[in-house]
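Mind docking chain B on chain A? Use the hints.
2 protein chains.
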Amino acid sequence: MALRDSRGTRRPRDHGDPGDAPSAPPPLTPVGDAARPSAAEEARTIVASTNTGTLATLTEDGDPWASFVTYGLLGGSPVLCVSNLAEHGRNLASDPRASIAIVAPKTESDPLASGRVTLAGMAERPAGDELAAARDAHLAAVAAAKYYIDYSDFSVWVLRVHRVRWVGGYGRMDSATGADYAAAEPDPVTPRSAGAIEHLNADHADSLTAMARTLGGYPDTTAAVCTGADRYGLDLRVTTDRGIAYTRVGYAAPIGSYDELRGATVELARRARQG
Amino acid sequence: MALRDSRGTRRPRDHGDPGDAPSAPPPLTPVGDAARPSAAEEARTIVASTNTGTLATLTEDGDPWASFVTYGLLGGSPVLCVSNLAEHGRNLASDPRASIAIVAPKTESDPLASGRVTLAGMAERPAGDELAAARDAHLAAVAAAKYYIDYSDFSVWVLRVHRVRWVGGYGRMDSATGADYAAAEPDPVTPRSAGAIEHLNADHADSLTAMARTLGGYPDTTAAVCTGADRYGLDLRVTTDRGIAYTRVGYAAPIGSYDELRGATVELARRARQG
Numbered sequence: 001m002a003l004r005d006s007r008g009t010r011r012p013r014d015h016g017d018p019g020d021a022p023s024a025p026p027p028l029t030p031v032g033d034a035a036r037p038s039a040a041e042e043a044r045t046i047v048a049s050t051n052t053g054t055l056a057t058l059t060e061d062g063d064p065w066a067s068f069v070t071y072g073l074l075g076g077s078p079v080l081c082v083s084n085l086a087e088h089g090r091n092l093a094s095d096p097r098a099s100i101a102i103v104a105p106k107t108e109s110d111p112l113a114s115g116r117v118t119l120a121g122m123a124e125r126p127a128g129d130e131l132a133a134a135r136d137a138h139l140a141a142v143a144a145a146k147y148y149i150d151y152s153d154f155s156v157w158v159l160r161v162h163r164v165r166w167v168g169g170y171g172r173m174d175s176a177t178g179a180d181y182a183a184a185e186p187d188p189v190t191p192r193s194a195g196a197i198e199h200l201n202a203d204h205a206d207s208l209t210a211m212a213r214t215l216g217g218y219p220d221t222t223a224a225v226c227t228g229a230d231r232y233g234l235d236l237r238v239t240t241d242r243g244i245a246y247t248r249v250g251y252a253a254p255i256g257s258y259d260e261l262r263g264a265t266v267e268l269a270r271r272a273r274q275g
Numbered sequence: 001m002a003l004r005d006s007r008g009t010r011r012p013r014d015h016g017d018p019g020d021a022p023s024a025p026p027p028l029t030p031v032g033d034a035a036r037p038s039a040a041e042e043a044r045t046i047v048a049s050t051n052t053g054t055l056a057t058l059t060e061d062g063d064p065w066a067s068f069v070t071y072g073l074l075g076g077s078p079v080l081c082v083s084n085l086a087e088h089g090r091n092l093a094s095d096p097r098a099s100i101a102i103v104a105p106k107t108e109s110d111p112l113a114s115g116r117v118t119l120a121g122m123a124e125r126p127a128g129d130e131l132a133a134a135r136d137a138h139l140a141a142v143a144a145a146k147y148y149i150d151y152s153d154f155s156v157w158v159l160r161v162h163r164v165r166w167v168g169g170y171g172r173m174d175s176a177t178g179a180d181y182a183a184a185e186p187d188p189v190t191p192r193s194a195g196a197i198e199h200l201n202a203d204h205a206d207s208l209t210a211m212a213r214t215l216g217g218y219p220d221t222t223a224a225v226c227t228g229a230d231r232y233g234l235d236l237r238v239t240t241d242r243g244i245a246y247t248r249v250g251y252a253a254p255i256g257s258y259d260e261l262r263g264a265t266v267e268l269a270r271r272a273r274q275g
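Chain order of the listed sequences is A and B.
Each residue of the first sequence is one higher than the last, beginning at 1 in full-length UniProt numbering.
Each residue of the second sequence is one higher than the last, beginning at 1 in full-length UniProt numbering.
Next comes chain A alone, as it looks inside the complex (with noise of 0.2 Å):
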């Protein structure tokens, strides 16, 4: 099990050797232009993709404390609503030091397999126009609020992202600054792309094995899977006499809606096709 970084860098294999753990074959020929989401930008998508998380805070021994949360977001920070009663409103009040595990909904049985991600900063009760917002951001987010955000017990928390730690599954992860993560955008194709996935799968699976032979670096696929897209191309599982493997294929340029994913997708074939 390789490790790749964001950018799809190889990294050396760390774990020792278990004997018959699953490994891929390598690519036989250049891989094309691969860009993916950055780990920020995988990071801004999965935290888009729900309104449900799990909160680390602070008891007053200073010991850690996990507890189910719902937030809402003002750009990437987690807006949420806690009662003070609360041992995790209590914990905040005390200690504003929190982080949040936010987990993609589910699209395997394996549950190691999901995208998720930990954000970590300062929890802070917003004042004036970002409280309002905040509290309008809850509210779009988590619909039941409206029978709680205002009793007096309830306080709106903005968490101030200082650190990500990105997991996409297996053997992909990375770390990125808040900054970082400040600035990046959900992708707009992800959260869509059910449908176009499983058509592509369904209608197109020619052209899926085109684009793994001629762009992916896997001239001898006999079968390819897309497993996901997003605005910079598509993921796609590939199967070979050498075993199985995953690999990318890049659009012509990034896209920035997805309606632009059928053009992008059928450009891709054609230029698959072509090589």
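Honestly, I wouldn't trust all of these hints.
Unchecked claim - Which bits of chain B does chain A cover? Going by a derived footprint, with three or more residues having C-beta under 8 Å, they are:
#1 44 to 54
#2 66 to 80
#3 94 to 100
#4 114 to 127
Calculated from the structure, these hints are not laboratory results.
Every residue, glycine too, gets a C-beta built ideally from N, C-alpha and C.
Below, chain B alone, put in the same frame as chain A:
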């Protein structure tokens, strides 16, 4: 929103008055035997219902760090398998204080209606026979772990649970000691009850209404829906002209297995009609 502890005792409203929050009408007649699972039992049931959670550990600076994990169970103790290279692995090695938040698989659209639990204590690397049992427990719960559990950088940890906080959804919450948690058992009925609940609601609405009227304290029930089943009884959501309320009806005696559920509900329906 009145708070009730795990035995259904009413606790004082402590949220101030938000104006339009929903409130439930009180029962008009005494509620019969409405024994329900203890907080420790509820926690054991939630923990047994899935294999993923979020771990809170301490970084080298003492900051709280939330991270996604998979787990198996030795009794009620979560068994983790984490890389020593990962941040949470390094954290546990330098400070064993840890907690884990586990959320029951979602059954309602409102995430805060879901049951969840925090188990707090100390992580320990088991040795000897316990290590073998812990390894087996993790593999039984997390099939993919066979690919990495024997990597030299992965370690098995058992969380020794000292303290438990259970939240059953809105207004149902309580704490339990580590000893109570260890002594409790997961509910034998709840995890398999979805089909039976669907059947009760589809085909026995009259019986549920009778239960709510004569056993559940709401003689003015116009409709009742079963929302949960456990070894002690049924949870009912009751519609009255005064509003929506939640109540419980208890079987003649606690049951020890799912197979006894049908007989227990038939007895409840008969008793309700006699009432």
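Now the hints, each set against the structure:
1. Interface restraint, the stretch 44 to 54 of chain B with chain A: holds (4 residues with C-beta to C-beta distance below 8 Å; minimum three).
2. Counting residues of the stretch 66 to 80 of chain B whose C-beta sits closer than 8 Å to any C-beta of chain A gives 4, which meets the bar of three, so the coverage hint holds.
3. By the rule of at least three residues with a Cβ nearer than 8 Å to a Cβ of chain A, the coverage given for the stretch 94 to 100 of chain B holds, with 4 such residues.
4. For the stretch 114 to 127 of chain B, the assignment as covered by chain A holds, since 4 residues bring a beta-carbon within under 8 Å of that chain's beta-carbons and 3 suffice.
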